[in-house]
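Q: These are the residues of each chain, in order.
There are 2 protein chains.
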Amino acid sequence: MSDEAVPFDDRGLAYGDGLFETVLVRDGLPLLWDEHMARLQEGCRRLGIAFPVRRCLDELPAQSGAGLQVLKLLLTRGSGGRGYLPPADAEPRLRWRSAPFVPQPARWADGVRVRLCDLTLGSQPSLAGIKHLNRLENVLARQEWSDPEIAEGLLCDCRGHVIEATSMNLFWFRGGRWETPKLKECGVAGTLRAGLFGVLELHEAMHKQDVLFEAESLWLGNSVQGVWPIASLVDSAGTLLRNWSVPSLDRSLQAEAHALLGYPVPA
Amino acid sequence: MSDEAVPFDDRGLAYGDGLFETVLVRDGLPLLWDEHMARLQEGCRRLGIAFPVRRCLDELPAQSGAGLQVLKLLLTRGSGGRGYLPPADAEPRLRWRSAPFVPQPARWADGVRVRLCDLTLGSQPSLAGIKHLNRLENVLARQEWSDPEIAEGLLCDCRGHVIEATSMNLFWFRGGRWETPKLKECGVAGTLRAGLFGVLELHEAMHKQDVLFEAESLWLGNSVQGVWPIASLVDSAGTLLRNWSVPSLDRSLQAEAHALLGYPVPA
Numbered sequence: 001m002s003d004e005a006v007p008f009d010d011r012g013l014a015y016g017d018g019l020f021e022t023v024l025v026r027d028g029l030p031l032l033w034d035e036h037m038a039r040l041q042e043g044c045r046r047l048g049i050a051f052p053v054r055r056c057l058d059e060l061p062a063q064s065g066a067g068l069q070v071l072k073l074l075l076t077r078g079s080g081g082r083g084y085l086p087p088a089d090a091e092p093r094l095r096w097r098s099a100p101f102v103p104q105p106a107r108w109a110d111g112v113r114v115r116l117c118d119l120t121l122g123s124q125p126s127l128a129g130i131k132h133l134n135r136l137e138n139v140l141a142r143q144e145w146s147d148p149e150i151a152e153g154l155l156c157d158c159r160g161h162v163i164e165a166t167s168m169n170l171f172w173f174r175g176g177r178w179e180t181p182k183l184k185e186c187g188v189a190g191t192l193r194a195g196l197f198g199v200l201e202l203h204e205a206m207h208k209q210d211v212l213f214e215a216e217s218l219w220l221g222n223s224v225q226g227v228w229p230i231a232s233l234v235d236s237a238g239t240l241l242r243n244w245s246v247p248s249l250d251r252s253l254q255a256e257a258h259a260l261l262g263y264p265v266p267a
Numbered sequence: 001m002s003d004e005a006v007p008f009d010d011r012g013l014a015y016g017d018g019l020f021e022t023v024l025v026r027d028g029l030p031l032l033w034d035e036h037m038a039r040l041q042e043g044c045r046r047l048g049i050a051f052p053v054r055r056c057l058d059e060l061p062a063q064s065g066a067g068l069q070v071l072k073l074l075l076t077r078g079s080g081g082r083g084y085l086p087p088a089d090a091e092p093r094l095r096w097r098s099a100p101f102v103p104q105p106a107r108w109a110d111g112v113r114v115r116l117c118d119l120t121l122g123s124q125p126s127l128a129g130i131k132h133l134n135r136l137e138n139v140l141a142r143q144e145w146s147d148p149e150i151a152e153g154l155l156c157d158c159r160g161h162v163i164e165a166t167s168m169n170l171f172w173f174r175g176g177r178w179e180t181p182k183l184k185e186c187g188v189a190g191t192l193r194a195g196l197f198g199v200l201e202l203h204e205a206m207h208k209q210d211v212l213f214e215a216e217s218l219w220l221g222n223s224v225q226g227v228w229p230i231a232s233l234v235d236s237a238g239t240l241l242r243n244w245s246v247p248s249l250d251r252s253l254q255a256e257a258h259a260l261l262g263y264p265v266p267a
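Protein sequence lines, in the order shown, are assigned to chains A and B. Numbering of the first sequence is given in the working numbering, commencing with residue 1 and proceeding in unit increments. Numbering of the second sequence is given in the working numbering, commencing with residue 1 and proceeding in unit increments.
If we strip away everything but chain A, and leave its shape as in the complex, we get:
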């Protein structure tokens, strides 16, 4: 079975020693599949986990049901070892599950309300960018608010640079350029972000919170939800920091992103 339980001695469970991907699948065809596989492979390289036979992975999306699905792949290092030292012969363990997905077109069109999180991301270049199973920072940040009107929370690193949202990458348009934070020390390098580098002139940049006030527009995106404009930004106490007039925004990044995902672009 694809999503069967994982034994007590699995290192993914014991130490978060593994990786995951959440893939948008439409009628059995995965979106941004090469980007997902590239990130999984890079994660395996960094953690020293054997990358599964690609052909076996390639067969999974077709097993998802009809319509729009999210396929979650979970790859752990496998069982055992003496404490933190992995066994030399660890056999990676692969699990997967598909679930129907419904996107949120109103968020594509009208944008979202976003807050600044209090938690700051720790710096760990060895783990930055990859989608490993050590996600407590994201869990803690997401627990900071419960108001359903707030769609996402922005996270900075400990030096005050804006990095990402809890489960989406951040983009902005400023001075005629599309930019997104560099993710060399923390953050997850999303596959939609990776795909956008191939179709848009997108620059990596490190900026403090000033950029949130100076940018002409802010956008959040990932490979499942697509791209949402930010319509309003509040601080962690809920005080409004800035509004944007969403109807007047340049939607070119959203258009490129939605072309990659097969989503429409709001008029």
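None of the hints are false.
Which copy is meant is left open, so a pair is good if it fits within one copy or across any two.
Below are the SDA-like pairs computed for lysine to any residue, each with C-alpha atoms no more than 20 angstroms apart in a straight line:
id: 1; residue 1: Lys182; residue 2: Ser123
id: 2; residue 1: Lys131; residue 2: Asp58
id: 3; residue 1: Lys184; residue 2: Ser123
id: 4; residue 1: Lys208; residue 2: Ser123
id: 5; residue 1: Lys184; residue 2: Arg159
id: 6; residue 1: Lys72; residue 2: Arg97
id: 7; residue 1: Lys72; residue 2: Gly83
id: 8; residue 1: Lys72; residue 2: Pro7
id: 9; residue 1: Lys72; residue 2: Pro87
id: 10; residue 1: Lys184; residue 2: Cys158
id: 11; residue 1: Lys182; residue 2: Cys158
id: 12; residue 1: Lys72; residue 2: Arg82
id: 13; residue 1: Lys184; residue 2: Glu42
id: 14; residue 1: Lys131; residue 2: Gly83
id: 15; residue 1: Lys72; residue 2: Leu85
id: 16; residue 1: Lys131; residue 2: Arg82
id: 17; residue 1: Lys131; residue 2: Lys182
id: 18; residue 1: Lys131; residue 2: Phe8
id: 19; residue 1: Lys182; residue 2: Leu116
id: 20; residue 1: Lys131; residue 2: Gly81
Hints are computed from structural coordinates only; laboratory data are not their basis.
We have chain A already, so just place chain B on it with the hints.
A: Coordinates of chain B only, in the frame set by chain A:
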């Protein structure tokens, strides 16, 4: 069953959203049990996980076999939730397993060879001290060496302060004082370390690597292995940095630690 498998949607597996303890148990009686329960409770408080009924936990050590055992407790937030946001009604999942344990008296007596790790620990005050399931830093650091003659690796934070070893706390004797690193930004606050504060004048201090060369002695300890003197220190390339004459060392910290664990003190 105590150590049954964990479902695909368990958040401990998905995000490392949980905690663990490894407890030394002698003939059904746990050592440093109050310290283990205090750390688990503090971990639950920080992550927002309901602490299990203490009476149920208290019954587990007696179920371990005769002789010396290590009881591993694993507590996850439970199943489900929409991405990183935990479900409001998450039911924590507890698993445990005992395994026979054999300590290493030669390491107590003669000490160990230790290396400096290249990996530096990220700073995350929200997670520092507790024994959560996000342990990839420890796994990566432990993968830096395979030489069985090297017993442990020392880790510094990104500002160069000495913090801990991959699975043990660090102590030193210097200028007539016993000291151990402060663990406010990273590291795991061991239960043996916690117990030692009650029986020894032990001071928390932040020092860079200079302290490794200035200290009269260095010691590693945890609640399972007891306390090992460091006999030699090498850099990450294997070059010897310093030796200690172990037979001449003041063993008072080891004596107090081993009294807490029921281990003998080498002559």
